[in-house]
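The listed protein sequences correspond, in order, to chains D and C.
Under this note's numbering, the residues of the first sequence are numbered 515 to 676, in order.
Under this note's numbering, the residues of the second sequence are numbered 3 to 284, in order.
Each hint should be verified, as a subset may be incorrect.
Straight-line Cα separation of at most 20 Å, SDA-like style, residue types lysine to any residue; simulated pairs [said to hold, decoys possible]:
1) C/K191 / D/R522
2) C/K191 / D/V560
3) C/K191 / D/R648
4) C/K43 / D/R648
5) C/K43 / D/T564
6) C/K191 / D/E646
7) C/K191 / D/R543
8) C/K43 / D/V560
9) C/K283 / C/G205
10) C/K191 / D/N566
11) C/K191 / D/R550
12) C/K191 / D/E644
13) C/K191 / D/G660
14) C/K43 / D/R550
15) C/K43 / D/D551
16) C/K191 / D/D645
17) C/K191 / D/T564
18) C/K43 / D/R543
19) C/K191 / D/I655
20) C/K283 / C/E98
21) C/K43 / D/D563
22) C/K43 / D/T659
23) C/K43 / D/G660
24) C/K43 / D/Q652
25) C/K191 / D/P540
26) C/K191 / D/N643
27) C/K43 / D/G561
28) C/K43 / D/R657
29) C/K191 / D/Y537
Label-pair restraints from in silico Cβ distances [stated by the list, open to error]:
30) D/G554 / C/D255: 49 to 59 Å
31) C/R6 / D/G532: 33 to 43 Å
32) D/V662 / C/A101: 19 to 29 Å
33) D/G576 / C/A24: 55 to 65 Å
The set of hints was computed from the structure by calculation and includes no laboratory data.
Note that the Cβ used here is the ideal one computed from N, Cα and C, for glycine as well.
The primary structure of each chain is shown beneath.
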Amino acid sequence: MGTPAPARSRAISLEVNGEAVEYEVPARRLLVHFIRDDLGLTGTHVGCDTGNCGACTVHVDGVSVKSCMLLAVQADGTRIATVEGLAADGELTALQRSFNEHHALQCGYCTPGMLMSATALLEQNPHPNEDEVRVALQGNICRCTGYVNIVEAVVAVGEGTS
Amino acid sequence: MLLREVDYARPATVEEAVSLLAAHEGARALAGGQTLVNVMKARAAAPDVLVDLVDLAELRTIGFSSDGLLEIGAMVTYTQLVGSSEVEVARPILAEVAATIADVQVRNRGTVGGNVCVSDPTNHLPPLLVVLDASFTIRGSGGERVVPADEFFVGVYMTAVGEGELLTKISVPPASDTGDGFSGVTIGKHGTYVVDAAATVSGEGARIAIGCVAATPVRATEMEERLAGGDFSEDAVREAAKGLGASLDPPSDVHGSADYRRSLAETSAVRAVLQAVERRKR
Ligand SMILES: Cc1cc2nc3c(=O)[nH]c(=O)nc-3n(C[C@H](O)[C@H](O)[C@H](O)COP(=O)(O)OP(=O)(O)OC[C@H]3O[C@@H](n4cnc5c(N)ncnc54)[C@H](O)[C@@H]3O)c2cc1C
Ligand code: FES
Ligand code: FES
């Protein structure tokens, strides 16, 4: 088998929120634009477009990543989860309900990224304390809430009090 | 952001990757992308071909060589380092420092190889790998060579890895009679360093390197010489650091003046050495 030739675009096949997706994407397309513009899943936001704010956070193969810092072609063969996948069966997750109960959002711009980062944390560590939550959310910037209610909402899920 | 048009290839073996890099002028390796994608957005670099290293499983392993060196594949992520039992046993400082790079998402993607190949003066790993006396294995079409840390970092965004070459692994001697320390001042918690210092102490003396004060990590050679006697008391370490700041020519920017960086260099070096001394006792 010869060395694969570099190409301007690539046919990618991946799983997005449990559904198989096949697409021909230009190599220069960012994953976040593929998700938003090609797949129409606009829950994933673009804040800074420089890897700093975390609004674009999704899961690739079960771990959180900033989708503005990946090319769509890099996601070939992976399993992606976006915020739309959380309540896929029409029912909010415990974390989403907790965000609601704790007033963990104001404008909501950062919320999809916060939910994806916190979901990844809770999958690894179902009962995080406040410090662990703060470390896990370090890559997600919120310019409205001051974080207190967000952190409380995540801790409450682990405590089973939400 | 719309990037400039680029070609993309996903080699299945290191040989294929090297031949792709050699065959195309303007080809670049793509590791975690946590710097390169931003660099492409800013058009600071506009590679013609991206050679994605993602499928090179042999670059993703952490293990030991036959002579006992800790071997870290270039594509090992920070998250992988943090969770590695080999690192924990052989050189836990690597995991400790990796755990403070940026944030969870960046740590899930960013790789050890990318961190050193970028050779950004503020990156965490270069000064640390210099004091740990790491060696770097580089593969090119002509074969393989091994470069010591003191020669690996050449300038900002410049390393001993030449065009058409690939860094494949980093080898680190396991801790024996040694203690390691790392200290500095960041912009916000877990932010970018304004100045950092790494230190290793052993019965033979100390190795100390300062980051963020020049294009590449700077060995604090005079301080090392003064500590060669093996007196690591706090007074001796503070005394040994005197004059280190004055020997440096650091940049001034919004995060700190050159003078502030000189002062931080001495403070950070003292803290890193004392931390290393403390750990050596354990
Ligand atoms: C918000 C943010 C904050 C950050 N803060 C810090 C910080 O404080 N400290 C820190 O250390 N880092 C920081 N980083 C950078 C991060 O650590 C990057 O992961 C790292 O600099 C590059 O690693 P990468 O795997 O992403 O490499 P890439 O971005 O994929 O590649 C970087 C460069 O290295 C080359 N390269 C990569 N691997 C190889 C190889 N095996 N052989 C030859 N060339 C190769 C590429 O061609 C490219 O030129 C930050 C990143 C972000 C987005
Ligand atoms: S939009 Fe991706 S990190 Fe801000
Ligand atoms: S709720 Fe507005 S940015 Fe977080």
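Original post:
Going through the earlier hints one by one, which of them does the structure break, listed in rising order?
Top reply: 1, 2, 4, 7, 11, 22, 23, 24, 25, 28, 29, 30, 33
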